[in-house]
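A.B. asks: Generate the whole structure from the sequences, applying the supplied hints.
Number of protein chains: 2
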Amino acid sequence: MPKFNVGPLNHVGVAVPDIDAAIAMYREKFGVTDITEPKDLPPQGVTYAFVNLPSGQVELITPYGDNSPITKYLERNPKGGQHHLCFEVEDIREAVTAMETRGMRVLNEPRIGAHGTLVVFLHPGDAGGVLIELMETPKADASHA
Amino acid sequence: MPKFNVGPLNHVGVAVPDIDAAIAMYREKFGVTDITEPKDLPPQGVTYAFVNLPSGQVELITPYGDNSPITKYLERNPKGGQHHLCFEVEDIREAVTAMETRGMRVLNEPRIGAHGTLVVFLHPGDAGGVLIELMETPKADASHA
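As you go down the protein sequences, you meet chains E and P in turn.
Under this note's numbering, residues 769 to 913 are what the first sequence spells out, in order.
Under this note's numbering, residues 769 to 913 are what the second sequence spells out, in order.
To be clear, the hints were calculated from the coordinates, so they are not data collected in a lab.
These numbers come from a predicted model, not from an experiment.
Just so you know, nobody snuck in bad clues.
Since the list gives no way to pick one copy over another, a pair counts as held whenever it fits inside one copy or between any two copies.
Taking lysine-lysine pairs in the DSSO-like style, the calculated list, with each CA pair at most 30 Å apart, reads: (1) Lys807 with Lys907; (2) Lys907 with Lys797; (3) Lys840 with Lys797; (4) Lys847 with Lys807.
C.D. replies: The following block contains the structure:
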């Protein structure tokens, strides 16, 4: 079996019905000052913003477009909730090979994610009910872009 | 309004039906080598283990005792899933005062959490559907204890 391990926890994805309201909540209730402007990511069907903590990052995501994967999630969880965990990997293709070798279902071909690097998602049924995103480590810090 | 802000993301709490199976999954599928032995935390009704990544921590939790808050969660999510986010705060009592002043419901009196410092939980209905734990920053690094 090829050697493979995930790296740092890059971010926690939180689905929200209203991204402006969510940003206001993190700013006003929790005092977070470093929050990025919402941006659309059409390939993933989401609009996202990063809540940057002194260490750790929450990615707020809300549906973009008509076929967003977040729409169904929000139908089940109208107030929003935790949507995925993102672990960094050195090389996405090695990661996909390792995951498939180890019996984990990879849900998509690698595509560009919110940090500008390639990402895949794993089936939550193989990972204790948690939707896991694997993301190639950004070469520079794109989290504040 | 008193000045207050949360600090780093300390960990992500993930509920699991079988903590030994979850540990094996993080070790064998994701190649994580630094995972603590399961420990019981009777005041919170959980058995927990920390999955320590190069940066970031997943706290695996499973029910302990007859009145565990995790039991209900697992009835709704039998495979497990993301349960809470934990942000560090400098002083738990200041945090409670700030949260209450800002209209956030605090669910418990401060009590000792898995890192040995005082913690409270906030009502998910006030925080975008996410159960938030606020935890006094450990004085030393207790995450590998």
